[in-house]
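Student: From first to last, the protein sequence lines stand for chains A and B.
The first sequence lines up with residues 1 to 322 when you count with my numbering.
The second sequence lines up with residues 1 to 348 when you count with my numbering.
Keep in mind that the hints were calculated from the coordinates and are not lab data.
Please note that the accuracy of each hint is not assured.
[As the list claims (entries may be wrong)] One-sided excerpt, in silico: chain A residues whose CB lies under 10 angstroms from chain B:
1. 59
2. 75
3. 101
4. 105
5. 122
6. 126
7. 163
8. 217
9. 220
10. 222
Even for Gly, the Cβ is constructed at its ideal location relative to N, Cα and C.
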Amino acid sequence: MAEKTYLQAISDGIRGEMRRDKRVFVLGEDVGVYGGAFKVTLGFQEEFGSWRVLDMPLSETAIVAGATGAAIMGMRPVAEMQFADFVSCAWDHLVTIAAKQRWRAGTPVPIVLRLPSGGGFSGGPFHSQNPESSFAHIPGLKCVCPATPEDAKGLMIAAIEDPNPVLFFEHKHLYRRIKAEVPDERYVTPIGKARIHAEGDDLTLVTWGAMVYTAEEAAKQLPDVSVEIIDLRTIMPWDKQAVLESARKTSKVLVLHEDTRTGGFGGEIAATIAEEAFEDLDAPVRRIAAPDCPVPFSPVLEKAYIPQVDDVVRGLKELAEY
Amino acid sequence: MAIARVAEPSGSLQDVKEQGLDREDLLGIYRNMLITRGVEERGHILYRQGKIPGSFYTGRGNEASAVGVATAMGPDDVGTPLHRDMGVHITRGVEPWRILAQYMGRADGPSRGKDGNVHMADENLGLLAMVSHLPAMLPVAVGCALAFRIREEKRVAVAWSGEGAMARGDAHEGMNFAGVRTLPVVFICDNNQWAYSTPTHLEYAVEHLADRAQAYGFDGVVVDGTDVLAVYRETKRAIDKAREGGGPTLIECQTLRMEGHAVHDDAFYVPKELFERWAERDPIERYRTWLREQVDMSDADEEEITGYVKKLLNDSLQRADASPQPDPATLMDGVYATPEDLDTPHHK
Numbered sequence: 001m002a003e004k005t006y007l008q009a010i011s012d013g014i015r016g017e018m019r020r021d022k023r024v025f026v027l028g029e030d031v032g033v034y035g036g037a038f039k040v041t042l043g044f045q046e047e048f049g050s051w052r053v054l055d056m057p058l059s060e061t062a063i064v065a066g067a068t069g070a071a072i073m074g075m076r077p078v079a080e081m082q083f084a085d086f087v088s089c090a091w092d093h094l095v096t097i098a099a100k101q102r103w104r105a106g107t108p109v110p111i112v113l114r115l116p117s118g119g120g121f122s123g124g125p126f127h128s129q130n131p132e133s134s135f136a137h138i139p140g141l142k143c144v145c146p147a148t149p150e151d152a153k154g155l156m157i158a159a160i161e162d163p164n165p166v167l168f169f170e171h172k173h174l175y176r177r178i179k180a181e182v183p184d185e186r187y188v189t190p191i192g193k194a195r196i197h198a199e200g201d202d203l204t205l206v207t208w209g210a211m212v213y214t215a216e217e218a219a220k221q222l223p224d225v226s227v228e229i230i231d232l233r234t235i236m237p238w239d240k241q242a243v244l245e246s247a248r249k250t251s252k253v254l255v256l257h258e259d260t261r262t263g264g265f266g267g268e269i270a271a272t273i274a275e276e277a278f279e280d281l282d283a284p285v286r287r288i289a290a291p292d293c294p295v296p297f298s299p300v301l302e303k304a305y306i307p308q309v310d311d312v313v314r315g316l317k318e319l320a321e322y
Numbered sequence: 001m002a003i004a005r006v007a008e009p010s011g012s013l014q015d016v017k018e019q020g021l022d023r024e025d026l027l028g029i030y031r032n033m034l035i036t037r038g039v040e041e042r043g044h045i046l047y048r049q050g051k052i053p054g055s056f057y058t059g060r061g062n063e064a065s066a067v068g069v070a071t072a073m074g075p076d077d078v079g080t081p082l083h084r085d086m087g088v089h090i091t092r093g094v095e096p097w098r099i100l101a102q103y104m105g106r107a108d109g110p111s112r113g114k115d116g117n118v119h120m121a122d123e124n125l126g127l128l129a130m131v132s133h134l135p136a137m138l139p140v141a142v143g144c145a146l147a148f149r150i151r152e153e154k155r156v157a158v159a160w161s162g163e164g165a166m167a168r169g170d171a172h173e174g175m176n177f178a179g180v181r182t183l184p185v186v187f188i189c190d191n192n193q194w195a196y197s198t199p200t201h202l203e204y205a206v207e208h209l210a211d212r213a214q215a216y217g218f219d220g221v222v223v224d225g226t227d228v229l230a231v232y233r234e235t236k237r238a239i240d241k242a243r244e245g246g247g248p249t250l251i252e253c254q255t256l257r258m259e260g261h262a263v264h265d266d267a268f269y270v271p272k273e274l275f276e277r278w279a280e281r282d283p284i285e286r287y288r289t290w291l292r293e294q295v296d297m298s299d300a301d302e303e304e305i306t307g308y309v310k311k312l313l314n315d316s317l318q319r320a321d322a323s324p325q326p327d328p329a330t331l332m333d334g335v336y337a338t339p340e341d342l343d344t345p346h347h348k
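Chain A with its partners taken away, still in its complex shape (with noise of 0.2 angstroms):
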């Protein structure tokens, strides 16, 4: 055991199975020489040639649909989205191609896409966003949002070994803020199953990615209610049952994203705890979610915009008095 950034431990993942695996390679604007935009695969090029650590032109159709015609041809190809907001331009590929090819032709896709998200940094609305909850809702794809080091190793390992497409959601604002102690040796996080993050008997918040920590603080602040914060870990697949056995435990629910409320992922959990755990609940299933606009460039407006530790805290408050 080490103590390693989230950084470090996506970029242990992936040299790990390059070391192993001949078939893995990595694909990419800058990830070579560069080291990548934020340099998760510094030092890569030096180690395993410009073959396997591949400079791309300024082409993310040519990124994900070559790393798509290199997997059905045998390989194991870990791409990269320099930021997940430049996966608009690759959207087809990954819908319409990779997604699809195992149902009607038979022909599995195992490719991994690196899509570094989320904000906090001043990026804007083109470097900020997390667009996970638009590819939960294709059926084909498999979407992987980790908050710890330990597991972003784990879940890149598995995402490299699955026989699928998966996106794999790495958030930027914990590459270098987090650090946690990882195993040295190789290991599996399984895809779709959750982690209790915290134990607790009064209320349950799901939540994923950053937002693992800003529920942690908001829970901190409120010494008197018991929360139980599940970390999904991947939203599709998703840890269904964990969800459920909270929510019946604690009949209240509290979801949590940094995406979007409209269509985010928490009204899937929402619909599907109302469907099936109803009569355990002893209050209405609430979200907190970003407001339905783009990422803001101010930080005065970006801190309006992604949930903050007080509005948490305000929601568990009154999710606990109801």
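Position chain B relative to chain A; hints supplied.
Tutor: Chain B alone, transformed into the frame defined by chain A:
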């Protein structure tokens, strides 16, 4: 100003022999062209009988281009043929009854009723199933070529696009990347002059689409797409070059789409004289004449081939019609792949 090389028409038997085709190969090409047209003609019948749900697309006029290209491909090469390229499936060995079953949405179609018309392929024959978004499979073929290059395999990917889809960003990104990395890929542009109802002068402003190849750092060739042996020769050259590390080639095969975009479209917008002019260059008729003149294809040879094709297609029709409808219980099968699904020739 034209930039791309304009290919010579096919020559004598001697020229063809030098390209590695013997009499049997040449008659085989004829047979594949007849099967290609025959499958689509039977598709028309099935459509009129109400047995094909949705729409129905053919590649009439494109038989020489599709069969010529596929004949030049090696056994381990791969390709992403489109909806005018039935001849590729036939040449690679897809059984016609499975194609007819696919048209009808039956359980034995390659997509088992999950997708329609020519949205199918047999991966074991090195073909990847197309999608409606054109030319989305072009950069995917480039990705196949990337895998071959990384593994240093002497294999080539063939990517198809129509002249209409050459306007899309996918074509640019795929070709640019392939040029940058000198990847083993051959781009085939089926220029059939009409993108649904849109004529070429509203699609592009260069003289030949193959001229664009120079902008990507590789060669462009314009070839008569009704001349199967010229298509074969140019594709073979391009594939050999790619296999030896020489990088991509863009081959523009000029044809005319001899029917509407799909079965519902009577192509009223195509001038009648254009159809008449290109009907005189019917690829099958043209090749038949060549075979009779150059290879002494006799009446007996012809009867043997046409008899074989007729029987094959009649049997195929019966077998396809006997194929069951898909079981609704299979609807959700394969939305997500399992590790066992990776047990394919490409993942070994």
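Student: Next step is simple, just say for each hint if it's right about the structure.
Tutor: Verification of the hints:
1. Of the supplied interface hints, the one on residue 59 of chain A holds, with its beta-carbon coming within about 4 angstroms of a beta-carbon of chain B, less than 10 angstroms.
2. Using the Cβ-Cβ criterion of 10 angstroms, the hint placing residue 75 of chain A at the interface with chain B is satisfied: the shortest such distance is roughly 5 angstroms.
3. With its C-beta approaching chain B no nearer than about 7 angstroms, residue 101 of chain A sits inside the 10 angstroms limit, and its interface hint holds.
4. Because the smallest distance between the Cβ of residue 105 of chain A and any Cβ of chain B comes to about 4 angstroms, under 10 angstroms, the interface hint for this residue holds.
5. Checking residue 122 of chain A against chain B by beta carbon gives a least distance of about 30 angstroms; that is not within 10 angstroms, so the hint is violated.
6. Given hint, residue 126 of chain A at the interface with chain B, is violated; its Cβ is 18 angstroms from that chain's nearest Cβ, farther than 10 angstroms.
7. Annotation: interface hint on residue 163 of chain A holds; nearest CB of chain B at approximately 4 angstroms, less than 10 angstroms.
8. Look at residue 217 of chain A: its Cβ only gets to about 36 angstroms from chain B, farther than 10 angstroms, so that hint breaks.
9. For the restraint placing residue 220 of chain A at the interface with chain B, the shortest Cβ-Cβ distance is roughly 38 angstroms, beyond the 10 angstroms limit, so the hint is violated.
10. This hint is violated: residue 222 of chain A has a C-beta 39 angstroms from the nearest C-beta of chain B, more than the 10 angstroms allowed.
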